[in-house]
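Chemist: Chains A and B supply the protein sequences, listed in that same order.
Here the first sequence is numbered in the working numbering, starting from 1 and rising by one per residue.
Here the second sequence is numbered in the working numbering, starting from 1 and rising by one per residue.
I should point out that these hints are in silico values taken from the structure, not numbers from a laboratory.
Take the hints with a grain of salt, since some may be wrong.
[What the hints assert, rightly or not] When the alpha-carbon atoms are kept at most 27 Å apart in a straight line, the in silico DSS-like pairs for lysine-lysine are as follows: (1) B/K323 <-> A/K118; (2) B/K348 <-> B/K403; (3) A/K133 <-> B/K400; (4) B/K403 <-> B/K339; (5) B/K352 <-> B/K403; (6) B/K82 <-> B/K267.
[To be verified] To list a few chain A residues with every Cβ distance to chain B over 10 Å, as calculated: (7) G27; (8) G86; (9) G94; (10) R126; (11) D128.
Cβ atoms here follow ideal geometry from the backbone N, Cα and C, with glycine treated the same way.
Now for the letters of each chain:
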Amino acid sequence: MPEARAAKPSRPARGDFNLADMLGQAGWAEADRALARALMELHALEQAVDAAKAPRQSEPDANADALEACAVMLRQSLLQVARKRGLSPLGAAGAREPFDHRRHELMKPGARSPAMVKIAAPGWMRGDDILAKALAVPARSRSARK
Amino acid sequence: MNAEPESWNLCVDFGTACSKAAAAPSNAWSHFKPEMVRPLAVGAASRAGNAFLLDSAIFVDDESVLFGPDAVRRAEELESSKRQALRSFKTLLSAPDLERALNTSATHSIDPHRAFRLRDLIVLYLAFLARSVDQAVAADPALNGAGGRFNRRYASPAWRGGGGAALHAMLVRMFAEAQAVQAILGDAMFARGGVSLEAARRALASAAAEQARGWRMGMMFEATAAAAYSSIGLESSAAHLIVVDVGAGTTDIAALARADAALEELKAARVTLTRAGDFIDRLLLNLAIEGAPSLKTPAQQAELWRSLTHSIRDIKESLFSEKRAAIRHDGRTIVIALKDLERDKDYKQFLKMLAQAYEHGLDVVLGRAANDGEGQVDAIAVGGGAAAPFVQDMLKRKSKSGKLRIAARPATPHWAHAPAFGGNLAPIFPQLAIAIGGALAPGSMLAERP
């Protein structure tokens, strides 16, 4: 007797499907593990900070080592999340650039915008979208420094 | 509004660790619109974490056969009892005597019942993959009106032992049987408990008798697929290319040259190295053990090794992008620096072999480009190791021949950032690249026609 045939896959209604959203979920699935590790390190970091703030520190070096280890692991895990989600840094810490209000946020905004800024902390972008502007402080231009 | 394409190309990348698939209009090569590229959510029906990846795995349980992510999960549950899922079928398919290898029974750890030949298990997995592809096509409104107008092809590394046409015919037969099996087993393959051993055996017997008449599929070299996604939509599509594929088990160098409408592989350029991503993983695991002198016993070291095997790829990615990586184990932090890896004798030897293989391939393709009167050779890296700095640095080296330029193409083409994808295709593009390139390429680029 011939084998029974399985039904063909059913077709969903139009509008239920968004390829870009599904690709986004796939990216998050890749990033989730790294995010989970980052959250665990955050907990360890909080514990290390509590220990460092305790009034009687018997082992200050050990506390500093624990804090440093947490910072290293947290940074690594968060950078993994960023890569898996397609984020890239905007600017490099210490770099001097002409001020651009679309790319830079001044740490202490003044009445006038500076011509040059020094990047204090890089911002983050995804594709062409700037998610967080780079934090910057006013810097003297190279010609003014000479 | 876009007119519906008359037909689509659908390419399956039957991968070592995961399988992927994508579709693109058959005329994409001449009328390219990025938004018409459709990666297929082949993992959605089996609840895979990343819906676009489907684990290449099958597990023979006590009374059932499990597929994809369920097979991987079950094998992990039974790890201590030395049971295994069958994985890496792709490696098996490059065995020198494939017919004989396929007719061998699976080992006891894979099939304790000795009920299946390796060929049977691969056909069952291909049936699961075929059903997953059909589900993904049905779910995508852009595709589900295509009424079966798909030109199907699969991507393959270049066959190492020759006999490409015979091997292609054998694989198409297996894909054809898999179609018949999936029509019988249907969505039962997505059930968490899998399908019964008896149902799987009966479906295989019925499919072998029926031989899925008229099933047609083409074959595309992975290097050609890489050329297709890298050069599509550019004003001057690449005529001469060198492709470096750093996979898990092997590193392949291939060169291609345009011959009429097709891309011809320059066989003299082909080199396959048996060291690749897995080899670097092992070196890193050894460095991690060296970095933990407190782990003295083999059992302690084995525990560190076991705990790292699931995260070693992320650790490697961090090491290459940040020049150091940290590992937590047993309350301690072990830091591996890139320079530690670069000092390793075996790593240095691997880089030397890779550089020699690349230079050889480059000489061949530069020679051909010069003969063809072209001024440029494009260099592309694909596979899990494409973004590694030693690969990218190699691609950016200048040509020794002053007249010819080497243009290093980015691992993710610019079009993958098109607004239609909302920034979500680019991060996972490297994993889907071969399936997408295989779907974009015109029929004239197929190594084996249907």
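Chemist: Could you run down the list of hints and mark each one as holding or not?
Modeler: For each hint, the structure was consulted:
no.: 1; hint: B/K323 <-> A/K118; verdict: holds, 25 Å
no.: 2; hint: B/K348 <-> B/K403; verdict: violated, 31 Å
no.: 3; hint: A/K133 <-> B/K400; verdict: violated, 42 Å
no.: 4; hint: B/K403 <-> B/K339; verdict: violated, 35 Å
no.: 5; hint: B/K352 <-> B/K403; verdict: holds, 26 Å
no.: 6; hint: B/K82 <-> B/K267; verdict: violated, 41 Å
no.: 7; hint: G27; verdict: violated, 5 Å
no.: 8; hint: G86; verdict: violated, 4 Å
no.: 9; hint: G94; verdict: holds, 17 Å
no.: 10; hint: R126; verdict: violated, 5 Å
no.: 11; hint: D128; verdict: violated, 7 Å
Checked against the numbered hints given earlier, this structure breaks hints 2, 3, 4, 6, 7, 8, 10 and 11; the rest are met.
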